[in-house]
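Chemist: Protein chains in written order, with this note's numbering: chain P, 1 to 138; chain U, 1 to 406.
I should point out that these hints are in silico values taken from the structure, not numbers from a laboratory. Some hints here could point you the wrong way.
Unchecked claim - Sample of chain U residues facing chain P (criterion: CB under 8 Å; computed from the structure):
(1) Glu384
(2) Glu390
(3) Ile398
Yeah, the Cβ is synthetic: ideal placement off N, Cα and C, and Gly gets one too.
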Amino acid sequence: MAYSDKVVDHYNNPRNVGSLSKEDPNVGTGLVGAPECGDVMKLQMKINPNTQVIEEAKFKTFGCGSAIASSSLATEWVKGKTVEEALSIKNTDIVRELSLPPVKIHCSVLAEDAIKAAIGDWKKKHGVEVPVHEKASH
Amino acid sequence: MAVKLPIYMDNHATTPVDPRVVDAMLPYFTEKFGNAASRNHSFGWAGEEAVETARQQIASLINATPKEIIFTSGATESDNLMIKGIAEMFREKGNHIITQAIEHKAVLDTCKNLEKHGFEVTYLPVQRDGRVSLDDLKAAIKPSTILITIMYANNEIGVINPIAEIGKIAKEHGIFFAVDGVQAVGKVPVDVQKDNIDLLAISGHKVYGPKGVGALYVRRRNPRVQLSAIIDGGGHERGMRSGTLNVPGIVGLGKACEIAQKEMPEEAARLLGLRERLRKGLEAKLDEVFINGSMEHRLPNNLNMSFAYVEGESLLMGINDIAVSSGSACTSATLEPSYVLKALGVGEDLAHTSIRFGLGRFNTQEEVDYVIDKMVQVVTKLRELSPLYEMAKEGIDISKVKWQTA
């Protein structure tokens, strides 16, 4: 399969690889996917409780090149955004940016799920009402 | 010495044509282009003579006689012909066929097709080492069993079945024994007499011959095996396979078999040395790597390994100057991980991390060393990126985690 230049770039130079402390009250962690499915994404965000701005984002991904690229891109996009803005990122935005073929759309879905899960975890820590977990459109 | 890139190490998928084979084939495209079935001029005779030489070369490699070799378009056709041909010819005698879970799709799908036409098929499981259990086989035999079809060596894990023992069981029960020999012929000694094989499918392009040509061994004595044809036409190949013979391809297959027979002892030893160098190199430099299938009963040129916590397709992407293949779902058309590894009981998580290395005649030690270094480098990098590796290092049992699947 041929990969788009952007996927190759994220694969070769993944942005924001790493981990934040799960114990930090300002860090939200999202772990989505399953090893049996061949994709697991861990996305973490450090969110300023006063401004609700995502100040830091880190990821680690087990998955194909497109899964790595989708999560790498997600960290780039959420950084500096408010929680509300980050929640508006749609998997289709990721598909478009990375020119993912139809067979790789699930990678973008997983990245959107990871963003939502990380924010959901942060909100839980802060006692903020967690909205009904909205699944990305497949 | 600088290694020439990319490196081809996917010789179970196909092999390059040996230059000696190409040389043997070339005259049969141009000056010796005759139809081997033209009985009344020298062009036809030259074609026929070349085909008979090839029959001899192939027969010699597997300890058969030339009349027992018929030519096909490839091993998929040979597999179809040996299974459907027996099924149709002997359906009055019985409708039960025994095969096993990790056959090539050319066998599995042929059997599935027969199920739609009133045949009953038993798919034997394989043991953890990838081999068929003889007890399972014996238990599956019924009065209605007409055919046992088990591959000699598996195309993904290179594991060699107890063929002689299966042949003996089949013979004792008066059941035909058909073998997909694609990965084994030319790589390890295959002897249709010693192994009691009644039908054997052979491919050209897996033995450094051309694509588009294959052969089927059909036993003529003790017992004489009769087949129904699946292609109707001019009655070529003793009525078993109509169609003008692919003379250049057949010449190539014959020559490839001749070379394989002559060079097998030396080549098998050399490939085994390279394979072991590869295995030991990877095992020495990486933790949590697992070999899939028996190491004892295995083709000398195969290594199938799972690199835990690293997904196969991303691994292939990192080693894009090395041609190998993966059991990962993402590399297959079906999005399912390898059915072969699954049948062995390899967990789906590890199946996703598997890589098949297929060494061949033209691989060198320098290439093996390059592959080891590159694999170690990419696996290490991807593990740094892997949340699973991180969790495992933290002492979390990945299999106990409750995953949220989308």
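Chemist: If any of the earlier hints don't hold here, list their numbers in rising order.
Modeler: none
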